[in-house]
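**Q** Using the sequences plus the hints, can you model the full thing?
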Amino acid sequence: DTEVTQTPKHLVMGMTNKKSLKCEQHMGHRAMYWYKQKAKKPPELMFVYSYEKLSINESVPSRFSPECPNSSLLNLHLHALQPEDSALYLCASSQGVMLAEAFFGQGTRLTVV
Amino acid sequence: GQQLNQSPQSMFIQEGEDVSMNCTSSSIFNTWLWYKQDPGEGPVLLIALYKAGELTSNGRLTAQFGITRKDSFLNISASIPSDVGIYFCAESSGNTPLVFGKGTRLSVIA
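Respectively, the protein sequence lines represent chains A and B.
This note's numbering numbers the first residue of the first sequence as -19 and each following residue consecutively.
This note's numbering numbers the first residue of the second sequence as 214 and each following residue consecutively.
One should not assume that every hint holds.
[As the list claims (entries may be wrong)] Calculated lysine to aspartate or glutamate pairs in the EDC-like style (CA-CA distance at most 20 Å, straight line):
no., chain 1, residue 1, chain 2, residue 2
1, A, K20, B, D296
2, A, K20, B, E254
3, A, K20, B, D251
4, B, K315, A, E38
5, A, K33, A, E47
6, A, K16, B, E254
7, A, K18, B, E254
8, A, K(-11), A, D65
9, A, K16, B, D251
10, B, K315, B, D251
11, A, K(-2), A, E32
12, A, K21, B, E254
13, B, K264, A, E81
14, A, K18, B, E230
15, A, K21, A, E38
16, B, K315, A, E81
17, A, K(-1), A, D65
18, B, K315, A, E24
19, A, K(-11), A, E24
20, B, K283, A, E81
21, A, K2, A, E(-17)
22, A, K18, A, D65
No lab work stands behind these hints: they were computed from the structure.
**A** Next up, the structure:
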């Protein structure tokens, strides 16, 4: 199983809503990542979890709140987002942060209205 | 921070033609990865390179890790319509997460 599963695939939310993105992997990977990707741009790193602990936060606004409940799950809680936060949100995992071969989920297409 | 120069930005080719794209950097890296992304989907890992000079194939795809460890190329032979997409190089120095190039958008004309 080399899959990273993300739900939902699409999400439309208002600026006052609270929603969560979910990510799951069963490859035994100990590093998990959230990336944000705008149209025609490469993925931009947001957060890195290593062994279920937040190890990197790339100066992401606090309206994005990551959570790693266990080694297989990664959530991204969203609150009071802005229209410019609309993007494809990608989850990825790798064996470790220092082992770079990362596998990506299919992404959640988020639209903030 | 680390910056990758990926070229070309876009390519329009005829079906059956060979394709070549590359990435360069001013820094030395331990790992080069090549991904392909279809519209609305996540990137899919095509080839991973771990040693300077390494040449690796995956079907019609061939990639090489430059001997100076500062560059990599990806070749696609005998292109087909499903090769359409955005190809990203990505690198890691070994103690940081991946950094991506800006991508090469490939269009294949049947």
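**Q** Of all the hints given earlier, name the ones this structure violates by number, lowest first.
**A** Result: hints 11, 14 break, sorted rising.
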